[in-house]
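If you read the protein sequences in the order shown, they are chains A and B. Heads up, the first sequence stops at 410 in this note's numbering, and the numbers go up one at a time, no gaps. Heads up, the second sequence stops at 1410 in this note's numbering, and the numbers go up one at a time, no gaps.
Hints in this document: simulated from the structure, not taken from any laboratory. A virtual CB, placed ideally from N, CA and C, is assigned to each residue, including glycine. Some hints here could point you the wrong way.
Here are some chain B residues pointing at chain A (derived, C-beta under 8 angstroms) [unchecked claim]:
1) 1071
2) 1072
3) 1073
4) 1074
5) 1229
6) 1260
7) 1263
8) 1313
9) 1319
10) 1329
11) 1361
12) 1362
13) 1364
14) 1405
There are 2 protein chains.
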Amino acid sequence: MSHTLSPLAPKTYPDMPSIGGVRFATAAVGIKYAERTDVLLMLFDAPAAVAGVFTRSRCPSAAVDWCRANLPGGTARALLVNSGNANAFTGRKGAEATALSARYVAEATGCAPQEVFLASTGVIGEPLDAHKFDGVVQRLAEEAREQDWVAAARAIMTTDTFPKAATRTADLGGRTVTLNGIAKGAGMVAPDMATMLSFLVTDAPIAAPVLQALLSEVVETSYNAITIDGDTSTSDTVLLFATGAAGGTSIERADDPRLGAFRAALADLTRELAQWVAKDGEGARKFVEVRVTGAESDASAKRIALSIANSPLVKTAVAGEDANWGRVVMAVGKAGEPADRDRLAIWFGDVRVAVAGERDPDYSETAATEVMRRDEIPLTVDLGLGDGQARVWTCDLTKEYVAINGDYRS
Amino acid sequence: MSHTLSPLAPKTYPDMPSIGGVRFATAAVGIKYAERTDVLLMLFDAPAAVAGVFTRSRCPSAAVDWCRANLPGGTARALLVNSGNANAFTGRKGAEATALSARYVAEATGCAPQEVFLASTGVIGEPLDAHKFDGVVQRLAEEAREQDWVAAARAIMTTDTFPKAATRTADLGGRTVTLNGIAKGAGMVAPDMATMLSFLVTDAPIAAPVLQALLSEVVETSYNAITIDGDTSTSDTVLLFATGAAGGTSIERADDPRLGAFRAALADLTRELAQWVAKDGEGARKFVEVRVTGAESDASAKRIALSIANSPLVKTAVAGEDANWGRVVMAVGKAGEPADRDRLAIWFGDVRVAVAGERDPDYSETAATEVMRRDEIPLTVDLGLGDGQARVWTCDLTKEYVAINGDYRS
């Protein structure tokens, strides 16, 4: 899997500060590829509060089942992630593999298996041989020390061409707290989170139910607002851990006024990570922000935005640097949401190409083409009906996407 | 637009019998391309009964608006179709173009404009200059004589690589009646009919309301059961005309028992035409029949079948001749319909690759790969929940699809 680095990859990585109460280790176990780190172990020195959001697939992976079952406990001592095998659609063997994996970690760290969270990403349908973790997990637990966030992000990659990591700080009741996150995902990425994994850690002292409320809120404008191919994975997992190492009294209510800055930082961090996923879409050459305004509701705006962002014809037009706004009209029309053809207006960047249901008489093809040549293309549709609005992010559909996915298993 | 002929194109065309009461003519007007027939005029000697089904797009073309407005009249004297320009999202100019086109035909043939049906297919958003039809329509009306169905099918092509025509006969109350049809469509094709045009003519004596009931019924298992890219057009139009030239008393009720064979022939004809559209999907190299059984209802089965048929990851796997059933699981899971991961079974051709929620222990990769090498690939999913079933048809997603659509306007 040596795909060309996405041209949308970051030029540099942020300096990721350490977060108190958590240690990392990674290893190359050879789950699918030799000589490539494919296991990440995160250990929490004390029980961390944990929140999670998972795929809405009716066929979730065994790891998703495992996390869902343990989430009500509200505390985490460890996270074990592997790439190369999704442990999805693996029946009873899959459930056994999660139980065995968690047992290895529990024994190595002295916690309960229910405090071990798991995620797996990679090929679906191949049984995951959890025995491969035996010995490895024990060694990683001993080695785990510094937090190399970019190395951690690299260990969970599949068809990603670059690791994804981001950081924020926020004031929480007079103390500065830190929020770090990593993510992976490049294909089978759609709202409801597709083969998207993201792990977020903060040193803020926040109780699990509050973390859960915050996480459920921010996924709507981040991980659930990106799409690469409209294909929802069996394995999508976002986990947010709070170690409390920053000190201070624990926040026990989601409406605590001290949460204002933290909530904003979390929304900002998750949006950045989600955008990196879209920028690393399989075969992507261009990043597209689809903004819909003037819809009857925000939910309607989002459905229309996703209809545009998921349209193969819109995405191939972007790949071809073609300001083909007719296809945007098509995608608005097919969304099944309230729309009035004769009120539609469409912009590529600042160039209004259509207005009041027809081509903008002042529209300059040259100016529109100039916008299409950029790496990042803002596409705006105003429906002229109400106040509903939404933003979603996607990438173009290129021949490389087909090449990558026509030959994935071989 | 000289795309390579689809490898799934028919080797020969059927001998299309003439249908009494209808005459054709075609012309090359240069709407978009020079020296290519792009206008089809069908004339009915006497008023024909007419039924229609159109796109569900919220942004329909001016021609769709025109037909919808005139359909309640129930009679047609002419059909004018152009390729190269969809006359969609053209605002007031679009409506004026349809009125002018219909007036030319009405004046040339001595009928009312409301008896003229129109369809346009091609680029969206470019005003259609109906003045180009002036003189041409009059000449075509004079020339219209023999029925060259394949030539008619060719005149309505856009990115199609071959014309699509089919024929059936049926017994209707002791008389043999004939049903002929043509279709076009290769991209922007999805249920709700996408850039799909199909025109059907029979000499059976059937009243318009009965025709409408029959047509609305058969579209569900034909034109609304194919998808190429999930993109629904602004312009989808299926029209069914009945000249009555076969003689006999007119059928006035949809539950008339004499209709049995005709209904079956119409279903069969429309399914064949729809399948030709899927076989000419832009860049298609393989034809896929997706069959879902054991769903909670037929409607649920169809939604799951479409989720599979629209999945870029399933379609690229087919292009790569990869029996990647994990992606089929993914597509079942994302459909949002009732499904139990641990009851799923999946077949490629006769090869069962997964059963009871995991890889079939007897599954032979070699046998599955053998199936994937075929031109036509049957893919079956049994959900093990109920009696609901559905079949839909699609094609693979290839680099050529991206090439064709990344460069459509240029």
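Status of each hint after checking the structure:
1. 1071: Since chain A brings no Cβ nearer than about 19 angstroms to residue 1071 of chain B, farther than 8 angstroms, the hint is violated.
2. 1072: Nearest chain A Cβ about 22 angstroms off; hint violated.
3. 1073: Violated: closest Cβ of chain A sits about 24 angstroms from residue 1073 of chain B, beyond 8 angstroms.
4. 1074: Result: violated, 27 angstroms to nearest chain A Cβ.
5. 1229: It holds, given that the least Cβ distance between residue 1229 of chain B and chain A is near 4 angstroms, below 8 angstroms.
6. 1260: Since chain A brings no Cβ nearer than about 35 angstroms to residue 1260 of chain B, farther than 8 angstroms, the hint is violated.
7. 1263: Cβ of residue 1263 of chain B sits 29 angstroms from chain A, so the hint is violated.
8. 1313: holds, 5 angstroms
9. 1319: holds, 5 angstroms
10. 1329: holds, 5 angstroms
11. 1361: This hint is violated: residue 1361 of chain B lies away from chain A, its Cβ roughly 11 angstroms from the closest one there, beyond 8 angstroms.
12. 1362: violated, 15 angstroms
13. 1364: violated, 15 angstroms
14. 1405: At 4 angstroms from the nearest chain A Cβ, residue 1405 of chain B passes the 8 angstroms test, so the hint holds.
Checked against the numbered hints above, the structure breaks hints 1, 2, 3, 4, 6, 7, 11, 12, 13 and satisfies the rest.
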